[in-house]
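Spelled out from the first residue to the last, the chains are:
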Amino acid sequence: MYNIKSLTHSYNDQPALDINRLEIEGSSIVGLAGPNGSGKSTLLRLLGLIERPTSGQIYFNGRLAEPFSDDTRFQVTLLPQEPLLMKRSVFGNVSYGLKLRGDRHALSDQVTEALSLVGLASEEFSRRPWYALSGGEAQRVAMAARLALKPKVLLLDEPTANVDATSAQMIKEAAIRARRDWGTTLVVASHDRQWLYEVCDNILHFFRGKIFGTGRETIVFGPWQKSETGTWTKQLSDDQKIRVPEPPHGDAVAIIDALSVKEDHSQKNPHDVSLQGTVSQLSLDKNTNQVFATVIVGNHPFTLGLAYQQVQAGSILPGKTISVQYNLNLVKWI
Amino acid sequence: MDFILDGFFKAIHLLFTGNAETYSAIITTVKVSGYSIGCSLLIGIPLGFCLGYFDFSGKKSVRTVVDTLMALPTVFIGLLVYAFLTQRGPLGDFGLLFTLPGIAIGQTILALPIVIGLSATAVESMDKKLRITIMSMGANRQQLFLSTLWECRHGISAGAIAAYGRVMTEVGISMMVGGNIKWHTRTITTAIALETNKGQFGMGVALGLVLLTIAFCVSLSVSFLRRKT
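Just so you know, the protein sequences line up as chains A and B, in that order.
Mapping the first sequence onto my numbering, position 303 (from 1) lands on 303, and the numbers just tick up by one.
Just remember that my numbering sits 334 ahead of the position in the second sequence, which is counted from 1.
These are calculated hints, taken from the structure and not from any lab test.
Even glycine gets a Cβ: it sits at the ideal position worked out from N, Cα and C.
Mixed in with the good hints there might be a few duds.
Examples of chain A residues lying across from chain B (beta carbon under 8 Å, computed) [what the hints assert, rightly or not]:
| # | residue |
| --- | --- |
| 1 | Gly62 |
| 2 | Leu64 |
| 3 | Phe68 |
| 4 | Arg73 |
| 5 | Phe74 |
| 6 | Glu82 |
| 7 | Pro83 |
| 8 | Lys87 |
| 9 | Gly97 |
| 10 | Leu100 |
| 11 | Ala145 |
| 12 | Leu282 |
From just these sequences and the hints, can you work out the full model?
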């Protein structure tokens with residue numbers, strides 16, 4: 001569906017995105033994870049052809065895609081993080097995109113269907129003006145306006161960030177239904193890791209404008225301190241220390257991967273570091289059936305990939321204190 | 335005080351008996367202000383949109399000039415237009431001095447900066463997310479322009495109404511360029527000035543009441559549109 005080559009984007013000469021190569025398959029669900037300001041929204045705006053990249057190309061179905069191009073503008077739609085409703089009724093908002101396409105056939109039915117996908121009754125909401133909606137309702141109307149278009153690609157930027165649990169669930173279900181019923185490709189930026197693990201075929205982890213992994217790595221920010229014995233560490237709130245190899249600079253960001261629970265401490269490798277933490281969340285990866293545990297180590301979350309049997313055998317549940325281990329040689333730096 | 339009260343009663347009489355001279359001034363005012371506001375909206379809205387929407391070098395300077403022109407004194411505009419339209423002026427051959435189109439040109443110059451300035455403000459105060467919303471729904475460039483314009487319709491309308499109020503109530507241009515010719519170029523404001531000089535308070539108050547009603551309607555419309563924005 002998308003093929004991206006040597007893509008960079010900057011705002012006021014500040015680099016915001018730098019992707020060497022990226023392919024997004026049709027009808028897939030791609031998750032974008034990463035902290036605020038890491039480039040997720042920028043990528044979505046570029047994929048949505050809202051902005052022109054500073055350099056590089058985006059190909060859509062093999063054709064070079066650009067803002068306003070007739071080949072793509074009716075096939076891709078973006079739901080921004082804080083969607084704006086236009087100053088018209090709910091009906092006017094939901095039917096707006098259809099009217100742009102000149103599609104006035106059974107407009108009322110199409111609007112009713114789109115609203116029902118996000119759990120809003122047409123007879124109750126259709127005539128309401130834009131200002132007479134709650135935050136969650138407005139978000140659902142904005143989602144309905146995109147779903148009414150039955151898009152080939154639906155780009156969602158934090159679609160559930162500012163809404164209540166019911167609205168969030170409605171939006172999530174509607175997105176999955178779009179993929180199931182119409183084969184829509186979904187690209188979702190979200191901090192809701194659990195949801196991303198559950199629904200995504202592929203997760204891309206962003207940091208400082210670059211893709212560096214699958215979203216299952218643990219990121220640890222500096223500053224790092226050098227001890228008298230020559231080791232580099234970061235002090236945690238519970239007096240434990242995250243030990244790392246020598247960083248490129250004192251404020252470097254460490255990527256810690258390949259975490260595991262070590263039950264047997266008898267054969268300890270000198271390059272292994274063990275920390276004690278409390279399990280706070282478990283989620284299942286739909287592709288690998290692997291369980292991902294979020295373990296809080298001194299206020300710092302670590303992500304841990306576990307086999308299902310391991311979880312069962314160790315009775316790993318939220319609240320349990322477990323040992324987290326990583327190998328110093330596998331720590332990477334950004 | 336009695337003459338003011340007498341004037342008020344005479345005004346009611348003139349308005350309700352359909353006094354021809356009074357209504358001639360009202361019709362002339364509505365006609366000429368219609369021409370001028372039509373022209374200024376036609377030219378001013380696209381220019382105001384561009385000024386508010388696009389970023390370009392010198393934008394702040396252009397904005398300052400427009401804001402300054404919003405406060406242009408009407409007698410100064412009257413003087414300029416008179417100089418251009420008089421027999422000796424560069425546009426003298428068109429014979430527009432002491433005609434309604436002549437007054438309309440002056441009033442267009444008066445209203446244009448108001449329409450441009452307030453349209454630009456309306457567009458500038460639009461939520462920046464509007465562009466993303468419209469583009470994400472598949473709009474082309476023309477649809478983006480028209481939809482953005484439609485979204486700031488309340489702000490632009492408020493600007494247009496404010497400009498109309500200014501045009502309706504100005505006296506300098508109408509007096510200097512129109513010449514206050516009875517049955518021809520006499521407007522409400524020039525008639526009030528003349529009748530007051532003649533001591534005819536009745537007609538002056540009658541026309542004043544009409545102006546007051548128009549000003550009230552304008553103010554009501556602006557506050558209604560502000561609530562909508």
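Mind checking the CB of Glu82 (chain A) against every CB in chain B and telling me if the closest is under 8 Å?
Holds: closest Cβ of chain B sits about 6 Å from Glu82 (chain A), inside 8 Å.
At a threshold of 8 Å, is the proposed contact between Pro83 (chain A) and chain B supported by beta-carbon distances?
At 7 Å from the nearest chain B Cβ, Pro83 (chain A) passes the 8 Å test, so the hint holds.
With a cut-off of 8 Å on the beta carbons, see whether Ala145 (chain A) makes it to chain B.
With a closest approach of 7 Å, the Ala145 (chain A) hint holds.
Restraint check, 8 Å cut-off on beta carbons, for Leu282 (chain A) near chain B:
35 Å, violated
Less than 8 Å between beta-carbons is the criterion; does Arg73 (chain A) satisfy it with respect to chain B?
This interface hint holds because 4 Å falls under the 8 Å limit.
Under 8 Å, Cβ to Cβ, is where Phe74 (chain A) needs to be relative to chain B, so tell me if that hint holds or is violated.
5 Å, holds
Tell me if Leu64 (chain A) is really an interface residue toward chain B, meaning its C-beta lies closer than 8 Å to one of theirs.
Result: violated, 18 Å to nearest chain B Cβ.
Quick check on the hint: Gly97 (chain A) CB to chain B CB, less than 8 Å?
4 Å, holds
Proposed interface contact between Lys87 (chain A) and chain B, which counts if any beta carbon pair is under 8 Å:
6 Å, holds
Evaluation of the interface hint that places Leu100 (chain A) against chain B, nearest CB under 8 Å
This interface hint holds because 5 Å falls under the 8 Å limit.
Hint check, Gly62 (chain A) versus chain B [nearest Cβ-Cβ separation less than 8 Å]
20 Å, violated
Could you check if Phe68 (chain A) really has its C-beta closer than 8 Å to a C-beta on chain B?
6 Å, holds
Of the numbered hints listed earlier, those contradicted by the structure are 1, 2 and 12.
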